[in-house]
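Number of protein chains: 4
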Amino acid sequence: MNKKPLILFDPFPRTKEMVFTPDVEKELNNLSYLVTHFGKRAPKRIVEKSLPDVEIIIGQTDMPKERLHRAPKLKAIINVKANWEPNIDYYEAQRRGIYVLSAAPAMAPAVAEVCIGYAIALGRGIIQNYKKFLSGSEKYGIAENKNAYTLFNSSVGFIGFGNLARSLLPLLKPFNCNISVYDPWLSARYLETQGLKAANLNEVLSTNKFLFILTGVTSENESFLNKEKLKLIGNDSSVILVSRAEVVEFDTFIDLAEKNFYRAAVDVFPEEPVPLDSQYRKESNIIYTSHIAGALHSSYKNIRDMMMDDIRQILKNHPPTRLQRAEPRQAELRRDR
Amino acid sequence: MNKKPLILFDPFPRTKEMVFTPDVEKELNNLSYLVTHFGKRAPKRIVEKSLPDVEIIIGQTDMPKERLHRAPKLKAIINVKANWEPNIDYYEAQRRGIYVLSAAPAMAPAVAEVCIGYAIALGRGIIQNYKKFLSGSEKYGIAENKNAYTLFNSSVGFIGFGNLARSLLPLLKPFNCNISVYDPWLSARYLETQGLKAANLNEVLSTNKFLFILTGVTSENESFLNKEKLKLIGNDSSVILVSRAEVVEFDTFIDLAEKNFYRAAVDVFPEEPVPLDSQYRKESNIIYTSHIAGALHSSYKNIRDMMMDDIRQILKNHPPTRLQRAEPRQAELRRDR
Amino acid sequence: MNKKPLILFDPFPRTKEMVFTPDVEKELNNLSYLVTHFGKRAPKRIVEKSLPDVEIIIGQTDMPKERLHRAPKLKAIINVKANWEPNIDYYEAQRRGIYVLSAAPAMAPAVAEVCIGYAIALGRGIIQNYKKFLSGSEKYGIAENKNAYTLFNSSVGFIGFGNLARSLLPLLKPFNCNISVYDPWLSARYLETQGLKAANLNEVLSTNKFLFILTGVTSENESFLNKEKLKLIGNDSSVILVSRAEVVEFDTFIDLAEKNFYRAAVDVFPEEPVPLDSQYRKESNIIYTSHIAGALHSSYKNIRDMMMDDIRQILKNHPPTRLQRAEPRQAELRRDR
Amino acid sequence: MNKKPLILFDPFPRTKEMVFTPDVEKELNNLSYLVTHFGKRAPKRIVEKSLPDVEIIIGQTDMPKERLHRAPKLKAIINVKANWEPNIDYYEAQRRGIYVLSAAPAMAPAVAEVCIGYAIALGRGIIQNYKKFLSGSEKYGIAENKNAYTLFNSSVGFIGFGNLARSLLPLLKPFNCNISVYDPWLSARYLETQGLKAANLNEVLSTNKFLFILTGVTSENESFLNKEKLKLIGNDSSVILVSRAEVVEFDTFIDLAEKNFYRAAVDVFPEEPVPLDSQYRKESNIIYTSHIAGALHSSYKNIRDMMMDDIRQILKNHPPTRLQRAEPRQAELRRDR
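Chains as they are written, first to last, in the numbering used here: chain A, 23 to 359; chain B, 23 to 359; chain C, 23 to 359; chain D, 23 to 359.
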């Protein structure tokens, strides 16, 4: 007779290497009766067989209301990706007192780091200068820096104040920026307590020298940064797009950057991999990277650390402290590919 | 009869645009009887005529002992560049109670900013990834990030702990790095009070993932980072060279980086402009920029702000608080082109 | 026909002056159909009549499962005191998606402030020195300071890491203390991410120069600091008791402090008001205050600010961000007088 | 033939216990040929005999111009007290390139700590409440706190921005105060770069809820806080006097505090020890302590640490980094008993 709690480990598209390193495997085997499936989503057979006893599900297993009903011992669902998928009934999970948790905070520092890197590269013109150097057309010192500007004491806008923005904030702090935020879910007073200024979308777009697009995509905000909005960005500002390509009208966004309305760094695309013959693949003032912002070895280490810490808490009937909890209404709005 | 103090403003190679903006001109004309010379060093005639009455010299005017003796009212020499030139008798100025001041702290934040930008670009492989993207050979997410690493929780070495390092330190703080420092002028205990670990040169070179070369060149340390030392850097570390090219054996430094012993970002060169046919002008893993780190509009604004603040203090017989004071022994050691 | 949401405002023992200032009254009347009751708990009649329509309850109204069932529109219960009372079915509220919120974070800064004041007064012997001065028996400088000690670089123990400890932490930060924490609800790894060291109770009691008792009382921890535990505190340490008297064997705690095993500051008592003939009312090395730590005008201002901010969020169907959310299991364990 | 540098250690009124602990003695004997004198100032005979060879003087030895001339090897005079005495020719020392150093920064943290303790005790009424508790006249919670106020978000004034203020500043930072400063030696712009607001004396006195008198006494500022100025303090503010009694008209200062124009904490007196029959020795709202603010064991440890660190630097011909350097004009103005 097995008395250990059952844990279902179904982390696809996360791989063993990302979330099931030998230390994790060893500890989970000590703590639990462990059912694992890698390489694709666990088949119905495995999930259904686990439901009567499962206490923790790790991964993005479909968990509609009916399945939640068949999982009477379930204490937590731990999504080891960084987003809320639409395959869970978040309200029902809340009703049943099941923690639904996401590893988004584990990825956010790596994303925040590249945001700083992109912002400095754009403001200071590093890549343009590098290209000039290769071709022998560079100038030196202030002659080269005519259009360069600094993060120090600059105006910064955040679109969205979630995990990414919260990780970016301490990195910006020593630069003494004046930060305004557009986030319709948060009150002006709350933002003020965080040292930030609430602003409407038009203000955030039109008044800042650096603009970080940090919001996820929901069924409500797809392409909300359309041509009309994007044209408000001006003044040779630097725009960093790292969260989700779907929140902007992507072709328009690229087009305006190529026409030098603003400088841009882009890490996410409507279609990944980007087609080989894509029009984006050409020299311009835009810095392109291939969705590298969050997926770092150190991010997966963070995920494993947070996941194991919260699993230990949950198995002791203590509240989890490290991963992010779903807000049902917000989670239901999230859209995912 | 003129009772206003005489100020000699001789800032070459700084230009009017850099240090003599209309607000500066207006205030200095109010405060002083102002003698100015731009475009090259003030000729002997002008300097000699000013000596009997001059109270403040702004610029890099030659001030050997004999001239200091002929300037009985001189209170301060304000070097609006960032280095100590060998054309002042620093000990004699100290004996006479003359403040010798440098604007180095005004340039340091801009340099620190690009240091962070270079470090992130190198560690995260941003430029390599960008090049791959243009050519269609990029991968996505962790597949692209196999060799990427982060500043967060990393080991960092400073070579030199002067103005540049002091400005870089707060920018690194939120990344929670473990920082060790080689600076032969400073005690281990002092560095400890700053939250840093003293280390010898070999340790700093061989044990850190990020290495910032931040020391100026003196008659004693030229090319002290020679081949033997540079070969200690390894482990695919990221090396940022922003202070003075002369402290390294430059060709060796480039050669080792091209051979991927380490990653490198280079903003300073033994000869500037770099000759058009220089071997450095080729695609490699090195990020080159053309001495852009400090010479930003905002840096000149800082210089003007610090300069005017300290001029006001000095004319009231109050100690200056913003610019850096010369340590005679250190200043005498500085070498300049 | 009234379309505004119904809010039941039943804040006793909070008074109008504390939580229903004219600005609050005005805004709530704009936002809602408002039912208020002051001076004692709202009578059954008023509560029952409100249940069918009430969207937010402010106060400590009894809300067992049956009442929750009769309040189909209820979105939030806002306890404007700082504790969880046993008169709410916390699990049922969770099942129904009702936010149960507490104003504890609003009171915590004022408590943290006096904690610092008490710690310095104890360590530095301020009140003893003051008494000596009045009687003419004081010495001066180091002669008086033979047993004085400082918070700087000292060892500090927290018993409990909740709202109070979280507010105390930033105030201690510039003193560079080495802080260890006993909190059975939190993992060692979590505490480490907060810059703290987890320790068992015996370690925390026996190894720190300053000890802050910051835990609330639950049905499980009453008097857990009994004689055996209290005798572990030694070394002339300074002990600050500000959360709840019930967590210590109070008479033993006082007795050991009077016998100089440790220094103590006490703001909470098993019976309040303390009887006039209490044995505590005598000169000793103990600093007594009369439950003044949290109940400051500024604390009530914080409560009103947080309460109104979250009410606005909740009425927009946005998640509250300022007040603390109940963890059902922890809230159920809380005991209150 | 002795080749070690000669150090004259003449630290009176500092004692062996304070500045010449066994570790110091051992290291100094290794580093130098050591001449020591304790218990009173070294007699003329010893000083004069040392002059030809002495490289470092530790203590407050008289060093007028003539003696400086007879000490050709002298590199530094290290005053192990916290003030500048008038028995040194500071300008001549500067002319000769002799570092004149003070241990003031070593004492400042301990003083800053009690400043915070006094401010909280005054604002929160801790000692008054304690007295009421002993006599059975206390109330509880907000009823007792009618006149209590907090440091959080309060207005704070500094009189003087030297070592004490610089140590106090980080301790105040988490309280989010609005700090204005009166210091005639410093520019408004400099204070702004430190996050502070410059103000004239009348503004600082009349507009702040907490007032810290942190300035030393000079020949120019004795009793500058006279009755006319002190009457500007009002509004039941809390005034902390810890630097030097001579900067205020002391009897007036006490009288106004006893009449409740403001609350006061006083650690320094015009005459110490205070006469037994002093009128100050009576119950009032004033907190008196007997010059205990700085003279802590930990302060002497800091002095020894800084002194030894800088001695090592100076003997290597490196600049000292830990102790404070004299500004001749300011040092000459200092007055001492």
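Treat the hints as calculated values from the structure; they're not laboratory data. Nothing here was measured: the structure is a model prediction, and the numbers come from that model. Glycine included, each C-beta is placed from N, C-alpha and C at the ideal position. Be careful, since some hints might not be right.
Computed Cβ-Cβ distance ranges for the label pairs, DEER-style [stated by the list, open to error]:
#1 Lys323(C) - Pro192(A): 25 to 35 Å
#2 Pro94(C) - Asn198(B): 46 to 56 Å
#3 Tyr113(A) - Thr215(B): 13 to 23 Å
#4 Lys48(D) - Thr215(B): 18 to 28 Å
#5 Pro94(C) - Glu88(A): 48 to 58 Å
#6 Asp45(A) - Asn52(C): 54 to 64 Å
#7 Glu280(A) - Tyr113(C): 53 to 63 Å
#8 Asp327(A) - Glu354(C): 21 to 31 Å
#9 Lys253(B) - Asp327(A): 29 to 39 Å
#10 Asn52(C) - Asn200(B): 52 to 62 Å
#11 Glu349(A) - Glu354(C): 37 to 47 Å
#12 Arg188(C) - Asp45(A): 41 to 51 Å
#13 Asn200(B) - Lys48(D): 28 to 38 Å
Comparing the hints with the structure gives:
no.: 1; hint: Lys323(C) - Pro192(A): 25 to 35 Å; result: holds, 28 Å
no.: 2; hint: Pro94(C) - Asn198(B): 46 to 56 Å; result: holds, 49 Å
no.: 3; hint: Tyr113(A) - Thr215(B): 13 to 23 Å; result: violated, 55 Å
no.: 4; hint: Lys48(D) - Thr215(B): 18 to 28 Å; result: holds, 22 Å
no.: 5; hint: Pro94(C) - Glu88(A): 48 to 58 Å; result: violated, 24 Å
no.: 6; hint: Asp45(A) - Asn52(C): 54 to 64 Å; result: holds, 56 Å
no.: 7; hint: Glu280(A) - Tyr113(C): 53 to 63 Å; result: holds, 57 Å
no.: 8; hint: Asp327(A) - Glu354(C): 21 to 31 Å; result: holds, 30 Å
no.: 9; hint: Lys253(B) - Asp327(A): 29 to 39 Å; result: holds, 36 Å
no.: 10; hint: Asn52(C) - Asn200(B): 52 to 62 Å; result: holds, 55 Å
no.: 11; hint: Glu349(A) - Glu354(C): 37 to 47 Å; result: violated, 23 Å
no.: 12; hint: Arg188(C) - Asp45(A): 41 to 51 Å; result: violated, 30 Å
no.: 13; hint: Asn200(B) - Lys48(D): 28 to 38 Å; result: holds, 32 Å
In terms of the numbered hints stated before, the structure departs from hints 3, 5, 11 and 12, listed from lowest to highest.
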